[in-house]
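S.K.: Based on these hints, arrange chain B on the given structure of chain A.
Residues per chain are reported as follows:
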Amino acid sequence: MTIDVLICRPDGTQAVESREVPDDWFSSSAPAEAPQG
Amino acid sequence: MASGKTGNYELNQWQESDRILMEEFNADNARIDAALKAIRDASPLAKLMEITTTQDAAQVDLDLSGIDMSQYAALEIYGQTMGASVFVRVNNRTSFTTRTSYSGASNQINYILYASGSASYTTRHHITFSGMDSNPLLGEMAFANSGDSMDGGGGCVNLPAGETLQSVNYYVTSNTLKAGAKFLVYGVRK
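These protein sequences, in sequence, are chains A and B. Numbered as in the working numbering, the first sequence ends at 33 without a single skipped number. Numbered as in the working numbering, the second sequence ends at 733 without a single skipped number.
Please note: incorrect hints may appear among the correct ones.
[As the list claims (entries may be wrong)] If you want the footprint, here are the derived chain B segments under chain A, 3+ residues with CB under 8 Å: (1) 595 to 601; (2) 605 to 612; (3) 652 to 665.
[What the hints assert, rightly or not] From the structure, some residues in chain B lie toward chain A, with a derived Cβ separation under 7 Å: (4) L591; (5) M592; (6) F630; (7) T716.
No lab work stands behind these hints: they were computed from the structure. Quick reminder that beta carbons are idealized off the backbone N, C-alpha and C, glycines included.
Bound-form chain A, shown alone (with noise of 0.2 Å):
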């Protein structure tokens, strides 16, 4: 799949990037001890 990352450099400038990731590219889940908010 194709994600738009915000790349953020040294120089303060940000430029929008599109990059092709795996499609599990996100598929993280939180610790099991995730704090309550």
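M.R.: Leaving out everything else, chain B in the frame of chain A:
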């Protein structure tokens, strides 16, 4: 020729009757240059990046590839995000071995840091990367959340031998990382 000097750095001071000499200007600039260098060298921290994001994004990358890591003993990153829980990776890698204590079990996960968040409060985190010029890179981390509760955590993660820190990657799983996220990156000078 200047007839007077300033009290601290002996910079030239001229009266109307004094002749202006190029050598005096050059000498002043050399003193100022040396004094500024001394101030910089005396400060243990160098601010390498200060960013407030200007648009929503699924992922935010702090691009550190242009920074000479050999100058620093460690990197300190302070972040403030809103809207959702945030996960952190480095170098866009998706597999890390982490350990939370000296003799604790190692875990294989696809991020190095998780910081809880929601639409109702701001999440703050702090990451320290040390061993910048050694292999493998060692990362340590701690974080705290504002809102109704505070939490902290720590652990370490190793990058493969020979791999240096190129980018720090922030993402969320079910939302966008809201514009207005703030990141401060400091280098700890050797």
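S.K.: A separate judgement is required for each hint: does it hold in the structure or not?
M.R.: Now the hints, each set against the structure:
Taking a C-beta to C-beta cut-off of 8 Å, the segment 595 to 601 of chain B contributes 5 residues in contact with chain A, enough for the three needed, and the coverage statement holds. With 5 residues bearing a CB less than 8 Å from a CB of chain A, the segment 605 to 612 of chain B meets the requirement of three and the coverage assertion stands. Figure legend: the segment 652 to 665 of chain B, annotated as covered by chain A; annotation consistent (9 residues with Cβ-Cβ distances under 8 Å, at least 3 required). Evaluation of the L591(B) hint against chain A yields a held restraint, the C-beta minimum of about 6 Å falling below 7 Å.
Because the smallest distance between the Cβ of M592(B) and any Cβ of chain A comes to about 5 Å, under 7 Å, the interface hint for this residue holds. At a threshold of 7 Å, the smallest CB-CB gap from F630(B) to chain A is about 5 Å, leaving the interface hint in force. Below 7 Å, beta-carbon pairs count as interface contacts, and T716(B) has one with chain A at about 5 Å; its hint therefore holds.
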